[in-house]
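There are 2 protein chains.
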Amino acid sequence: MGLHKITFLPGGERVAVKDNATLMEAAEKAGLYLNSLCGGEGVCGRCRVQVTGGKAKADKHSIGFLSKEELSEGYVLACQTVVKTNMEVIISPESRMEAEQIVMGGVVVDYSQPEKIFVSKVSADPLSLFEPLAQKLYLELNEPSSEDNTADSDRIMRELRRRTDYQTYERSLRCLQGLASKLRDNSWKVTATIAKHGEHWRILQIEPGDTSDQNYGLAIDVGTATVVAQLVHLKSGNVLGVAGSHNLQARYGEDVISRMVFACEKEGGLNALHGAIVEVINNLIKTLADEKGIGVEKITAIVSAGNTTMSHLLLGLTPCSIRMDPYVPTAHSFPQIKAAEINININPEGILETVANVASYVGGDIVSGVLACGIADQPQTKALIDVGTNGEIVIGNNDWMVCCSASAGPAFEGGGISCGMRATRGAIQRIEINNGKVLYQTIGKTKPRGICGSGLIDCIYELVRNRFIDQEGKFNVSTNHERIIEKDGELEFIVAYSQEADAGEDLTIKESDMSNLIRSKAAVFAAIKSLSDYVGLSFSEIETFYVAGGFGSYLNVTKAIAIGLLPDIDPGRISFIGNSSLMGARMALLSCYAFERTIKIANGMTNIELSNYPPFMDEYVAALFLPHTNLKLFPSVDYWQRER
Amino acid sequence: MGLHKITFLPGGERVAVKDNATLMEAAEKAGLYLNSLCGGEGVCGRCRVQVTGGKAKADKHSIGFLSKEELSEGYVLACQTVVKTNMEVIISPESRMEAEQIVMGGVVVDYSQPEKIFVSKVSADPLSLFEPLAQKLYLELNEPSSEDNTADSDRIMRELRRRTDYQTYERSLRCLQGLASKLRDNSWKVTATIAKHGEHWRILQIEPGDTSDQNYGLAIDVGTATVVAQLVHLKSGNVLGVAGSHNLQARYGEDVISRMVFACEKEGGLNALHGAIVEVINNLIKTLADEKGIGVEKITAIVSAGNTTMSHLLLGLTPCSIRMDPYVPTAHSFPQIKAAEINININPEGILETVANVASYVGGDIVSGVLACGIADQPQTKALIDVGTNGEIVIGNNDWMVCCSASAGPAFEGGGISCGMRATRGAIQRIEINNGKVLYQTIGKTKPRGICGSGLIDCIYELVRNRFIDQEGKFNVSTNHERIIEKDGELEFIVAYSQEADAGEDLTIKESDMSNLIRSKAAVFAAIKSLSDYVGLSFSEIETFYVAGGFGSYLNVTKAIAIGLLPDIDPGRISFIGNSSLMGARMALLSCYAFERTIKIANGMTNIELSNYPPFMDEYVAALFLPHTNLKLFPSVDYWQRER
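As you go down the protein sequences, you meet chains A and B in turn.
As numbered in this note's numbering, residues 1 to 644 make up the first sequence, in order.
As numbered in this note's numbering, residues 1 to 644 make up the second sequence, in order.
To be clear, the hints were calculated from the coordinates, so they are not data collected in a lab.
Relax, there's no trap hidden among the hints.
Think about it this way: if two alpha-carbon atoms lie no more than 30 Å apart in a straight line, the pair counts; the simulated DSSO-like pairs of lysine-lysine are:
(1) A:266 to B:182
(2) B:286 to B:235
(3) B:600 to A:182
(4) B:447 to B:29
(5) B:266 to A:182
(6) B:182 to A:338
(7) A:600 to B:182
(8) A:338 to B:338
Bear in mind that the values here come from a model prediction, so they are computed numbers and not experimental data.
Pulled out of the complex, with its shape left as it was, chain A reads as follows (with noise of 0.2 Å):
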């Protein structure tokens, strides 16, 4: 009965709650956030916490992820755990969101030093003009007189016409009103703050003044895992800071489709969704605004870029049909709407455009992502593949452009994977086995908490060299190595010794996360062979394969072509070029001309649903071998530097 008190370690974190609360939610009371695959449903075991204090007993639920040792130690899942009398709780690493993590985010995504102005390698012009969505002009108008008696806001958009090549100029109600007094208080020096829409410029506001020096936006990707925001000077274009943060969504689901279901299933699920995602967004906008000194209401354009599901759910729109054939969303293209509308905290008349998406698997993130690649913009035929819980690939040029999707599950996320973890500090994101010695680095330089998607690729290609597993990722009991163990009737490759963790345990793969990482492999190299089979292209004529993904900061991309993840071509044409979602929308913030392109990429790019196209399959269980099983398709890959 009544508020039981409840101390979380080993922060301290001390909350009182309701009585049949969960420890779920009593965590998140105190801001702790917990990793959840399956939104609270007691399924995916990811939840665990010790109970050191007070009366807790696993239920039927929790047992099955719990072995004997961590039942008796008072392991319980924190969602299926009510509260009854006050508690004393431990919150292990791998259990945790931590906010040192958070923080840290932006450090993997390679925008952690501010930056000039963008420059897309591969991009012509005029993608490349400066001409921010957003503008601040500052104007010195000349007095009104009798042979010069035109109307106020007349007499400022004359001025605009003169200064920009743009003729007509819409007017918000909110900036007329005022317009009078605000012109004649300050002797008829004042700063438009104009803003593209559709084809014709807004203006947002009028200031007093001389403001035009303070005009910042954000260029946001908004990632099913993380959220990552750059703070963008909008006269200048050079990045101020970068802020990450997980999104907050995970409280209902780790991934899109759970996420999904909770919308669509739950009362209130959506609106639970949407305002998490929201709450991240103004949590990085209050972080870089504090850190750079500047108020929020400078900032007067967003572009945001993400999956079709992160954007409807951003906006406030169902994604329910997107999960039921024929996965049709709301909405390809998303109107301009003003910030407020849903609650974000910028400049009250500031804009957020949303990037549009091709397909509902195919998301504004690829199409941000080939902008950010030029591949639309030249005549050579490239592709952009995108690695993580879908992997997405895009084939094309100027001309044309056809992408598809698959679904290759989380584990170069980190996800599935029993010491899998995202690419954030403390992750392993390189390893290499020399003589049975094992070689690692961490993000952060950190004791290792977990490996990352890098560190996994790494791994496999290592295991495979030093004949610790054979290519079907079934291990060599014959090598009778010291770091292949046996445990719960599983055979396990240690990587890092418990004393060298942080975990607490050892870090291990097991056979299990292998058969995992195999099939997450196979799945991405046959979409990529489908879709080149497709239009009827080898691998020798796509002249580049940009790379992007949440690896880690760093991708060997030799060591991801020996195992069968990319294809066997010159690395010297493969790129790895990390988030490319959010430097497109950064490109797209900073030229409107890119982000009509974005526009025209989704329109234009033609999505093939793998579904209901068959040789996909045939091509992904040929790819359920390291390489592969079709040798050919890897002429340069020989684990052993054998005689062909």
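Using the hints, position chain B against chain A.
Just chain B now, with coordinates in the frame of chain A:
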């Protein structure tokens, strides 16, 4: 101390007001709106009421406006009288803006009967193409399939493009939210409301099923004195009803200038005036919607036309710079807004367009009038003369147009004339005097309460013709007619004896009234003459003169010529068109081509500032005679059938 009860007669309305409230405030609280030219400053003497119970004393201000007899009978000025006791107060008909008049207001604007879709007698295509600003289209969409899995909103736009000539559609975020289930729950049968927005069309809302017949719009003439709204069925173009109301802004000042002063010099003045006109419009909307049994959410578009100050006040824009040299308004053209932005109660996504103005004293009402009479559409040169407190003149054709505005005073609207009144129920609108016998006709065929513009014109003419006044407007005492009497040292002519009238006293025209009327007609004629001279045209070169204004439903053109108000041309070339502002607003509502034309008309018209045009004052002085000092200008006018 405390509250005092006030009873108003003859209606018996009762209210309780605080100590020291004014009787004017008490009347407002009772829903009774008193005449006030000065905005409650005690300087116009219009709000006289008789206190028959309780204590009240006429203050210094009031004494100058009330005769000894009136003072002894308890008359006071309501705006200057403070409540100290319970009171009983009689509001005389002259002082009251009656609800009855308000409802009947429509009668006088010639739109009492539902009409078919507008017919502009002179306009050529494409203005008369029926293409309402807001339209509802019933759509039966194909259900999505794997072969046709475009997004929901793209599916709608595709169908709209197929059904209309418009290729680009904007969408509001609100119309996308909830769209997916709306389509699926209604078997893909929905109705889209689209509205013209600049060069594009905008999807305002998607409704389940077929609601295409339930789409209504409003044309509103926002006059300084009277606001008139027509409810239009947007599918057929039929006018379903009309409602008129006094402009409640009169609480704060009867004429444009006093309202500008109120807006600019009183704290909160602008908000009060803005709120008052919004209240009027919402009342009219409610009246019309209730009368026709339709929900206000089915009203999707409004076109409002008013003078520059009225349009500014409607939109909450300060009119302060309009009244000061060089007479610069905030805006000539206005953005389309959601009616909800200014709290007008129609569909929350419904649009409001405000007709553009030419200059501070040539407003959207004139632009709307020019649209209605088709001046801008034909090669023949024509003129529009709008007689009101400001007389506005337009001369031109489809190639050029000039306009001007002259301060004529409110005489022809009944202002500043002792028995003058607006053209509402009880107003004498026609007068004939034969052999000393006065025949008249009132609006609504009721007892006379005063004389409106057309009656005053008749009256002047008949008085001259019967030699009761001379050509300077002075009474001929030598006639010794019983209707010419002297009162308070001034001569006056009895139009209706007290026993015939509803006003309790004789309705008379005084010598000072005659001076006011002559000054008014002189200003209007001088403006016509100056403007035609300015463009180098004689009256004979102007094919048609359209005359608009609140004279009544009737105007005797021959008599208007004979008193020198209108040029002496063939009366057949003069066309009285009544409320052309409302007519034009309806045209714009029903044809987006017509609406676009209003913008071109406003932009294309050259305004001549008469205050900067020296010949105007000479013309004015020359016109202070009946019909004119230069009789050559009025060759056909011969009051007494003299030999020439």
